Amino acid sequence: MNGTLVQQLVDGLAALMLLTSFALLAQHRMISVLHWFAGQGLLLAVTAAIVAYGTGSDELYISAIMTLLLKGLLLPWLLWRVIRQLQVHREVEPLLNSSLTMLIALGVTLFSFHMIQPIEKISQLITRDSMAIATACVLLGMLMMITRRKAITQVIGFLAVENSLFFAAIGSTNGMPLVVEIGIAFDVLIAALIFGLFFFQIRTTFDSLEVEAMNAHLIHKDDDE
Amino acid sequence: MNNIGAIDIALAASVTAILATCSPLVVRRQQHLRAIMCLLLAITAALAVAAGISGLLGSHGQTTLPLGLPWMPMHVRIDALAAFFLLLIGALLLPAAIYSQGYLRHVKQLIPMVVFLPLFVLGMIGVVISDDAYTFMLFWEVMSLASYFLVTFDHHQAENRKAGFIYLLMAHLAGLLILGSFAVLYAASGSLEFQAMRDAPLSPVWATGAFLLAAFGFGTKAGVVPLHGWLPDAHPVAPGNISALMSGIMLKIAIFGFIRIIWDLIGAGDFQWWWGVLILAAGSSSAITGVLLALQQSDLKRLLAYSSIENIGIILIGLGLAMLLARYDQPAMAALGLVAALYHTINHTLFKGLLFMGAGAVVHSTGTRNMEAMGGLIHRMPWTAALFLVACVSISALPPFNGFVSEWLTFQTALLAPQLGSAMLTAMVPFSAAMLALAGALAAACFVKAFGVVFLGLPRSDMAIHAHEIDHWMKAGMIIPALLCLLLGLLPVSIIELLDGIPQLLLHVSLTESVQTHGWLWLTPVHASQASYSAPVALTGMLIIGGAAFLFLHPKGHAVRRSTAWSCGTPETNNRMQYSASSFSQPMRRIFSAIYQPEEQLHTERRAHPLLTTRVSYLVHVHDLAVDKLYQPIANYVLLQAKRLDRRHQQDIRSYLAYTFYTILFLLALLSVQQSAMEQRNQPAATSQSQPPATLPGLTSGQTGTEVRR
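Going line by line, the protein sequences match chains A and B.
Letter 22 of the first sequence, counting from 1, is numbered 22 in the UniProt record's numbering, and no numbers are missing.
Letter 301 of the second sequence, counting from 1, is numbered 301 in the UniProt record's numbering, and no numbers are missing.
Calculated directly from the structure, the hints in this document are not laboratory data.
Quick caveat: nothing in here was measured; it's all calculated off a predicted structure.
C-beta: ideal position from N, C-alpha, C; glycine also.
Any given hint could be a false lead.
Unchecked claim - A few chain B residues that face chain A, going by a derived Cβ cut-off under 7 Å, partial list only: (1) Arg654; (2) Leu657; (3) Ala658.
Required output: the full structure, derived from the provided sequences and hints.
Have a look at this one:
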């Protein structure tokens, strides 16, 4: 396989990444959000494997396998278990309606393409075109955290940001050192476990998983004092 | 240690103060505690006086203390300036310590006083002898914080806590500004030591920055209008001995800091003409505002506090004139202005200390600060009245007491203005001198009111009827500054000779030749043909004329006849028929009503018949315009912004996330703008070389890294 083919493949996968990010933003049913999240993890693993093939780096293969196991399977499964046990299937009315969110997302994407332009010019890596998309995905993940009301979707948004950062790392520097990557992977895993625990705690304390509920409670407490 | 220098004595004074602070650890009984604190403070004061006098006589020295941070030992040094202010501290602290022994007799909770009063003194001594910015700021803050606790000593009243808070706020503001000034000097010299700052050359812009920061910082601490907001609140609420020390010494420490940074560290060579004008304007406005507001107070201690503002103004007028004269290469005349300012500094320390001690005594025995409830105290407290009168005469600048000498010297300096050579300044300085003259006249009116309403006439309340004379300790504490007031008034030539080291240090000129030409008896600031003054001669003349007048009015053999005062036919005179504090100052209120904008309420009650007035009530309130027009809007604005910010803080997690999001977007946009600008700059070079755009070094090395791995 020559360089151009690898580059084209990575570009194609980047486009799919962007698609999943948009899909995450657009979905309202919890299960679908989770499916798209798992799909994103899968895409990430494939990208890592292809870049590994293209650059001939063995370490990237290992990180591709880790990504597949952790982000493609383990995290979605953990979250699925939480959703099933807590009986939250639908996101309630989001803060902004879908079409407006999509428009904002589009603007953000265009902005990141514009922003990355000068950097792409000076990079000679095979994966350089994916930088703009990775940046866009980070911002879309944040947008998701901002516009959703349920704590679970916010956590998924957070994990999507993490995925995008990983994607950016592969794209711009051919992957981070393995030690760092393993460390980050474990951090994410632990974070997901803690989030899971918190969901249960929040549910029992506030009777709801919506962040407004916690806020209202806090303000109420302040007023009492 | 064969020869003990001034610096060793000063350090011994600091150690005594520290011992006093620690005394509650050893001594349990309140009575012993009070005695030990007063004794140790008196020793501290005596040592400070000794260090000051030996320093002024030429025993200078410096040393590095094995204290402070590991890489930053404390440097201390005594020069003429430090010695003078040590003398000033000691001169009032000694009587105040004796006075405290009596004053604190009935205080229940003595521990805060015993801990913080010596700390306060330690801070002031430390500031004066410090020789690097770190030591200076450290002791400066010790002084500020300790005095906060002393202001709020009687913290059970909300009013006192509020005054303390404003004081703390302004003290911190002052500290911050002074720190900024030191930062500028540090940037120029690269060292925190004063010697390096002195030697470092300053560009005019940086010198101006350091000057403005120092001027505003020390101005806030000294209570210069319009930065005086804390002063009229903080001084009255503090206990009497503390007000005396705060007004008498602490404000002067701010003057010391001003001279130290602006005259010594920045240096007279770097003065710009408008610096002197600024200080002159600040001094004039303080003098006139201070005395006008003092005149309208009916709270005795508040009156004294405003009068302190006036006197700081007089000191600043002297300093401002000296700065102008120094700028226009007239060092000998500048030295005269400087000495006038310093002379007034020590004078104000003595008579304002005495006045506050007197006020403390009056408040102590009547239980109120309200002058409308006093009156006739001269019969019940004759000692206090006599000593208070001495201070009133001194502060009103009447010969033969000390206030006259320093104000007269300031006037003499102002009269030298034509020597400046600049037409505008020549016109402006007399204006300032006119302000000074007006302030002097109003100050006299103000203290006629203070003395007259408090001590003369008939008592206006039961509290005034049952007032009692103070004990011997307090009497002794007040006699010392009264005697010093007279001494400083009678021996100006010797005092100026003693101060001569300071102009020598700062301006490299000596005043002794011109002042001393006619011996110790006659003070001739410039030349005998222009002006001269001899206090002993004036005193003798006054005694002769006064004695003659007494003998003329009371010839021998005629007994003094006592009878009731002429009362216009009314059957009896009572205490409601005399001048009250507010009625005494009513004419002034009328004349200066544009400045005062008094809030008056006159209410007449007529019950049975329109012509039959049964009751008249008159209420007047004079506002401090600086507080109303400057402080209040700032406070309101800050509160409004804080409330807005608080509303932001009450939002949910998503808003915080949104803020983060916006920030990231903003920073990215900034980055891209910057990059496109850079690109445009690089474009011509790139086209001329017709090569691919330059690669970032980091990315290139990453590329080679993968090549090797491959």
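Consistency of the hints with the structure:
1. Arg654: holds (5 Å)
2. Leu657: Check passed: Cβ of Leu657(B) comes within 5 Å of chain A, closer than 7 Å.
3. Ala658: With a minimum Cβ separation of about 5 Å from chain A (threshold 7 Å), the hint on Ala658(B) holds.
The structure shown violates none of the earlier numbered hints.
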